[in-house]
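There are 2 protein chains.
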Amino acid sequence: MSDPRPLPMGSTIGILGGGQLGRMLALAAARLGFRTHIYCPDPDSPAFDVTPSRTVAAYDDEQALAVFAARVDVVTYEFENVPARTAAFLGELKPLRPGASALAVAQDRLAEKAFLTVNRVPVAPFAAITDLDRLEAAIDELGTPAVLKTTRLGYDGKGQRIVRNMEEAAHAWEVLSPRPLVLEQFVPFEKEISVVAARGLDGDIATFEAAENVHRDHILKTSTVPATVSRRTAARAGQIAAGIAEALGYVGVLGVEFFVLPGGRLLVNEIAPRVHNSGHWTEAVCVTDQFEQHIRAIAGWPLGDPTRLADVVMENLIGDEIAAIPLGLGVAVRPHAYGKAESRKGRKMGHINRLVLKKRAG
Amino acid sequence: MSDPRPLPMGSTIGILGGGQLGRMLALAAARLGFRTHIYCPDPDSPAFDVTPSRTVAAYDDEQALAVFAARVDVVTYEFENVPARTAAFLGELKPLRPGASALAVAQDRLAEKAFLTVNRVPVAPFAAITDLDRLEAAIDELGTPAVLKTTRLGYDGKGQRIVRNMEEAAHAWEVLSPRPLVLEQFVPFEKEISVVAARGLDGDIATFEAAENVHRDHILKTSTVPATVSRRTAARAGQIAAGIAEALGYVGVLGVEFFVLPGGRLLVNEIAPRVHNSGHWTEAVCVTDQFEQHIRAIAGWPLGDPTRLADVVMENLIGDEIAAIPLGLGVAVRPHAYGKAESRKGRKMGHINRLVLKKRAG
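If you read the protein sequences in the order shown, they are chains A and B. Going by the working numbering, the first residue of the first sequence is number 1, and it counts up by one from there. Going by the working numbering, the first residue of the second sequence is number 1, and it counts up by one from there.
The set of hints was computed from the structure by calculation and includes no laboratory data. Some clues are possibly wrong.
Intra- or inter-copy, both count: the list cannot distinguish identical chains.
What the hints assert, rightly or not - Straight-line distance between alpha carbons at most 20 Å, and here's what the computed SDA-like set of lysine to any residue pairs gives:
hint, residue 1, residue 2
1, K358, D311
2, K348, P8
3, K94, H37
4, K345, G10
5, K348, G10
6, K348, V333
7, K358, T307
8, K94, D131
9, K358, P52
10, K191, V56
11, K358, P226
12, K358, F189
13, K221, A104
All figures in this text were calculated on a predicted structure; none of them were measured in a lab.
Pulled out of the complex, with its shape left as it was, chain A reads as follows (with noise of 0.2 Å):
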């Protein structure tokens, strides 16, 4: 369902689930004046503390849908992985934005390389694999070291396998098979970037500056801004996003990430239809932050400043490190909690932002 007229303030946002991005994405909502209703299998759904209607049902329960897409004026999501049958499903009840198929390109591996390439947007050199002899013979196209990954459902470094020879490649297979498959070349990146683009209803769009991201343990630890990389590459970057953006006729904020090859080259490694992780730095120094963005655009509302008011260094804390907010921080730092009731090893508890605050004038 399309409706071109801004939603109005009062207005309920339906959020299909309720984890950390949810939870900001309800609290930008508020700030806004509009209500939230977060839908998440999960009882515990830190999105719940912050939204005054929830329901507690699976992605495939259509009747629990049912009910959701009557309380809502308009249904966005927070995470790629929703289930293409209740996009359809709540598509046809309300309007779904970012629209389904942004979901259909960035949930395949594949449909999204195909995707980017159509568009001349430059990625890694790829082979989808549905067979042992087709991987052996990608592998010889592709050289080594290269990396075999699950075309669906792959996230923080699960689903994938580093190949660098023949007998690392069966091994792979075995682990990752019978899943659908795509071997990339291992591309010698020097840092990896990226942009977190807004497109609204009408058409306009908004980009962020490039963040230089840091991973450890293949989960985001530190996204910086500005970006170590020349204008050049962070205005191509941003450009390149814009560009997916409007091929993809996208409603909302989405995600580019980036390997910087030597030279500055650009190759896009992945898109996220969502609020991004590395976009957390907008929250404590740009005008409009990536959730304030997305709410605006997905309700039909002009898009915000994403003007930078200060360089920053945002860290993810990770299980136990959540720990350090409290203690206090030092000067300039500003801390966002999520509010989890569980730390676990490798979960996203929380982030901190350290502004570097240059002497001002006057």
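Start from chain A and add chain B according to the hints.
Below, chain B without anything else, positioned relative to chain A:
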């Protein structure tokens, strides 16, 4: 009850009052990983939309208060007119921050002026008024114009009358008595400024910069930072606010309003033992905003960094002015809507912060 230990994340903060200040406190508490429980007699309280737990009951309902106290770890409030008995009752059961003595001082204009005078804080000349004879004598002493005010429950210009002669004095007496009254000399101030200060459980004090306030129809319309006063005057206002927090043994955030006289002399007009409308600018441009600062203080956490990143004008949106937010407000504007269902004349519905952005080097 007093407990010097920092409140662990995941604890529940009880908030008396469910208006926009309670709502913004609850949003800040959520960002620090706390749960909140809002207590308010009004079932349509805007703060109820962003809290997992709520109580709808009168402030003198001791049964409801006892249940509330049992479910929270600390109690705070968003308004200074918490009944003394309510404060005393809750204070026996759980830490009440700020404490009952701050409430007692701030609830009664005469007690407040006495407290300030004892602590050598300059205020406008005043006299307690108990009968018409005393009023006439006070007018002879203080001169006209003067302002006759109720000692309790005045806000936004309610409960006060300007008195230019004995005839107006008699009329004002008729309208405002038999409530306890105070006559204040009308000081020819040049402008009004305010300072929001915070004092932690450890006695640490942090002040935000002074804001310059403009009222319209007795309601705050704009707060501009920096204020157009000398650095010396701004610094002095901060010192006075810090001194008041210290003298009260205060825990939490406190607003102090000043009249600025020709030559820069300062008189304290009023103190508010809570987050303050004239501190809403901190949300858009400070590392730590006044709401987070209050939560940090009452939780026994170290205070945050009040550093300001940009110049700013906060504008209250009164009544139908709230309709401006979804229309698009131009660049460098950060809106906040309170989610109130009904827009009434004179009702604070939201605010916007207009940032003054300097071109950044680099």
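Comparing the hints with the structure gives:
1. K358 to D311: So K358 and D311 pass the 20 Å test inside a copy (9 Å) and across (14 Å) alike.
2. K348 to P8: between (34 Å within a copy, 18 Å between copies)
3. K94 to H37: within (14 Å within a copy, 33 Å between copies)
4. K345 to G10: between (39 Å within a copy, 18 Å between copies)
5. K348 to G10: Between. Shortest inter-copy distance 16 Å satisfies the 20 Å Cα cut-off; intra-copy 31 Å does not.
6. K348 to V333: Classified as within; 18 Å inside a copy, 31 Å across copies.
7. K358 to T307: both (17 Å within a copy, 11 Å between copies)
8. K94 to D131: Result: close neither inside a copy nor across copies, 41 Å intra and 66 Å inter.
9. K358 to P52: neither (40 Å within a copy, 39 Å between copies)
10. K191 to V56: neither (40 Å within a copy, 54 Å between copies)
11. K358 to P226: Both ways: K358 and P226 sit 14 Å apart in one copy and 18 Å across, limit 20 Å.
12. K358 to F189: Classified as neither; 31 Å inside a copy, 35 Å across copies.
13. K221 to A104: Neither: 28 Å inside a chain and 48 Å across chains, both beyond 20 Å.
Checked against the numbered hints listed earlier, the structure breaks hints 8, 9, 10, 12 and 13; every other hint is satisfied.
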